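Sequences are here, hints too, so could you generate the full structure?
Line by line, the protein sequences are chains A and B.
Reminder that position 189 of the first sequence reads as 189 in our numbering, one-by-one numbering, no gaps.
Reminder that position 170 of the second sequence reads as 170 in our numbering, one-by-one numbering, no gaps.
Hint data in this document are derived by calculation from the structure and do not stem from the laboratory.
Do not rely on the hints blindly, as some may be mistaken.
[Said to hold, decoys possible] Calculated lysine to aspartate or glutamate pairs in the EDC-like style (CA-CA distance at most 20 angstroms, straight line):
1. A/129 x A/250
2. A/243 x B/116
3. A/129 x B/178
4. A/226 x A/244
5. A/52 x A/73
6. A/222 x A/236
7. A/130 x B/178
8. A/185 x B/10
9. A/87 x A/253
[Claimed, not checked] Which residues of chain B face chain A? A partial, calculated answer using Cβ under 7 angstroms:
10. 72
11. 73
12. 163
Being a predicted model, the structure only gives us computed values, none of them experimental.
Glycine is no exception: its CB is placed at the ideal position from the N, C-alpha and C atoms.
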Amino acid sequence: MKTIRIIAPLAIAATLALGTTGCGSSTAPAASSPVESFPAGTTMAKIQQRGKIVVGVKYDQPMFGVKNPVTGDMEGLDVEMAKLLAKDLTGSADNVEYVEAVTANREAFLQQGKVDAILASYAVTDERKKVVAFEGPYLESGVSTMIRNDDSSISNKDDLNGKPVCTTTGARAAQLLPTLAPQAKLTLFGTYSECAQALKQKRVDAVVTNESLLLGLMDQNKGDFKLVGDYMASEEYAIGSAKDDTAWHDYLDGFLKKIEDSGEWKKAYDNTIGAVKPSDVTPPHITL
Amino acid sequence: MSFISGYIADFSSGVMITLELTVLGWGGALVLGTILTAMRVSPIRTLNAAAAAYVTVFRNIPLPVQMVLFVFGLPLLGIQYSLFASAAVVLVIYTAPFISETLRSGLNTISTGELEALRALGFGPRPAMQHLILPQAFGTVIQPLGNVLITMIKNTSVAALVGVADLTFATNKAAVDEAQPFLIFGGAAISYLVIGLLVGRLVSTLDRKAAFSR
Numbered sequence: 001m002k003t004i005r006i007i008a009p010l011a012i013a014a015t016l017a018l019g020t021t022g023c024g025s026s027t028a029p030a031a032s033s034p035v036e037s038f039p040a041g042t043t044m045a046k047i048q049q050r051g052k053i054v055v056g057v058k059y060d061q062p063m064f065g066v067k068n069p070v071t072g073d074m075e076g077l078d079v080e081m082a083k084l085l086a087k088d089l090t091g092s093a094d095n096v097e098y099v100e101a102v103t104a105n106r107e108a109f110l111q112q113g114k115v116d117a118i119l120a121s122y123a124v125t126d127e128r129k130k131v132v133a134f135e136g137p138y139l140e141s142g143v144s145t146m147i148r149n150d151d152s153s154i155s156n157k158d159d160l161n162g163k164p165v166c167t168t169t170g171a172r173a174a175q176l177l178p179t180l181a182p183q184a185k186l187t188l189f190g191t192y193s194e195c196a197q198a199l200k201q202k203r204v205d206a207v208v209t210n211e212s213l214l215l216g217l218m219d220q221n222k223g224d225f226k227l228v229g230d231y232m233a234s235e236e237y238a239i240g241s242a243k244d245d246t247a248w249h250d251y252l253d254g255f256l257k258k259i260e261d262s263g264e265w266k267k268a269y270d271n272t273i274g275a276v277k278p279s280d281v282t283p284p285h286i287t288l
Numbered sequence: 001m002s003f004i005s006g007y008i009a010d011f012s013s014g015v016m017i018t019l020e021l022t023v024l025g026w027g028g029a030l031v032l033g034t035i036l037t038a039m040r041v042s043p044i045r046t047l048n049a050a051a052a053a054y055v056t057v058f059r060n061i062p063l064p065v066q067m068v069l070f071v072f073g074l075p076l077l078g079i080q081y082s083l084f085a086s087a088a089v090v091l092v093i094y095t096a097p098f099i100s101e102t103l104r105s106g107l108n109t110i111s112t113g114e115l116e117a118l119r120a121l122g123f124g125p126r127p128a129m130q131h132l133i134l135p136q137a138f139g140t141v142i143q144p145l146g147n148v149l150i151t152m153i154k155n156t157s158v159a160a161l162v163g164v165a166d167l168t169f170a171t172n173k174a175a176v177d178e179a180q181p182f183l184i185f186g187g188a189a190i191s192y193l194v195i196g197l198l199v200g201r202l203v204s205t206l207d208r209k210a211a212f213s214r
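Here it is, written out as C-alpha cells:
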C-alpha cells in the first residue's frame, strides 16, 4: 500500500509534466509575449484595467458552455474561447468572470453592458444582427435530427411529418421546422435536457437542433440516442458584442483570426466538440 | 413594430390557451377545494386528517416544481398525459388547497348556533351544508376567492415552462426570435393586466350581489 501511495502522485505529476511540456511546444510564441496595449477608453483597455473579462455563457449547453456538476468548473468550446480571449487581453486564461446567459437575455446583457461579450452558442440571425454586433463565426454547424436508438421509423426530415418533435424556444430549428416538415407536431421546452427526457419517455419522437448540441446530449445519455439524416440547414455561431462598439468588434475579429492561425482554435475544438465527433475540421472564415 | 404582425396568430392562440387553462383550472380547483373543505370540517377523523395532509403537502410545494414533477416524473411510473392536460391538472392540484383554506375561513364565520338550529329543524348534514351553510360561506369569501383566482390566472404562465403554448410561452418565443424582449414582454404584461382587471370587475359585481342576499 505504502509504495502505491508514493507512486500514484508521482505518476500523476509525471503525466502532468509531460502533458504541459507537450502543450508548451505546440503553442505559438504569442502566449509568453506581453499583452498588447490599447488606447484608453476602449473596451479592451477597460478590460485590462479591470483585470478580467466578463462573458455571458450558457451553463447547461453540453459542448458549448456547461458547469460541471462535480467539479464546478466551466467547460465547453465557448468557455475555451473565453479563456483564450482572457489570455490575449490580460495575459492569463484564468481572468474570466462567467455570467450565466440564457437564450432570452443575451441581447439585454449586451445592451446594458452587463457583459463584455456573449459566448453562448449564439447563432447568427438577421433579427439579432439588428440589435447586437457579431464577430466570427467561430463555428459552422448544421441543424440535425436525433432519435431514440431503437427507433427505425425516422430516417430523414420527411419522416418527421405527423410526429411529435422537440426543440427549444429560440432555437433556429423552431423557425425552420414549419417549412421543412409542415406536419411535424412541434413541442418547445426551455432546455435541451428536457427535450432529451421527453424523447426518452416517448413523449416526442425526435429532437431537432444544432448537431453539436445533439452530440452533447448523446454524450450525456450514452447509448440512448442516435443521429439520422442530413443537415436541414447550416448554422453559424459567433461572438456577440454591443452594437456600435467598432473598436471592440474589430479587435474580436482580429483575435479570432489570430487563434485560428495559431492553432489554438483547433485545439479548443478538439478538446470539446472534436472529442465526440472526431474530424479534421477547418476553422470557418471570419465574415462578420 | 411591423414584426409584431407575424406573431398575432401565436399571441391570440396563446391568450386562448391561457383562458382555457384558467377556466379548467378554476373549475376543477373549485370542486376539489370544496370537497377538501367539507372533509376538513367533517366529524370523521380520517377524512379530516387526509384533507389536512393534502393541503399541507400541495400548498407548500412550489408550482414550477409540481409542474416539472408531473410532466417528467410521472412518466417514470408509466403515467403520461398530454402537456396541456398535465398543466391543467397541476393547476387544479395546486390551487385547490388555497380555495379550501379560504372557504374554511368563510365557514368559520357561520356561528355554531346556526348549525344547531338547522339540526333542530331536522336538516341532515348534507342538505344543511348544500343549501344553507356553503352558500353563506361562499358569499362571505367572494373577494378573497377572487384573489385566489387572479393569482391562478398569473400562475397559468408556469405552464409555459413545460412547453404549453400559453401567452407567456408565445411571448417568450417571439421575444427570442425577434431579439426584442422589452417591447414584447411589455405587450404580454398589458394582456395579463387586462384579463386581471376584467376578472376583478366580475368578482366585485358578484360580491355586491352576494352581499345583497347575505
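Hint check results:
Among the hinted pairs, residue 129 of chain A with residue 250 of chain A is consistent with the structure: their alpha-carbon atoms are about 16 angstroms apart, no more than 20 angstroms. Proximity of residue 243 of chain A to residue 116 of chain B is assessed by CA-CA distance (about 76 angstroms); at most 20 angstroms being required, the pair is judged violated. Our distance criterion of 20 angstroms between C-alpha atoms is met by residue 129 of chain A and residue 178 of chain B, whose separation comes to about 10 angstroms. With a C-alpha separation of about 43 angstroms, the suggested pair residue 226 of chain A and residue 244 of chain A falls outside the 20 angstroms cut-off, and the hint is violated.
Taking the CA atoms of residue 52 of chain A and residue 73 of chain A, the gap is near 17 angstroms; set against the 20 angstroms cutoff, the hint holds. Note on residue 222 of chain A and residue 236 of chain A: the hinted pairing is violated, with a Cα-Cα distance of about 27 angstroms set against a maximum of 20 angstroms. The straight-line distance between the Cα atoms of residue 130 of chain A and residue 178 of chain B is roughly 9 angstroms, inside the 20 angstroms bound, and the hint therefore holds. Taking the CA atoms of residue 185 of chain A and residue 10 of chain B, the gap is about 15 angstroms. The hint holds against a cut of 20 angstroms.
Distance hint between residue 87 of chain A and residue 253 of chain A is fulfilled; the C-alpha atoms sit about 16 angstroms from each other, no more than 20 angstroms. Of the supplied interface hints, the one on residue 72 of chain B holds, with its beta-carbon coming within about 5 angstroms of a beta-carbon of chain A, less than 7 angstroms. For residue 73 of chain B, the interface hint is violated, since its Cβ never comes within 7 angstroms of a Cβ in chain A; the closest pair sits about 10 angstroms apart. Satisfaction of the interface hint for residue 163 of chain B is found here, the shortest Cβ-Cβ separation to chain A being roughly 5 angstroms, below the 7 angstroms cut-off.
Checked against the numbered hints above, the structure violates hints 2, 4, 6, 11; every other hint is satisfied.
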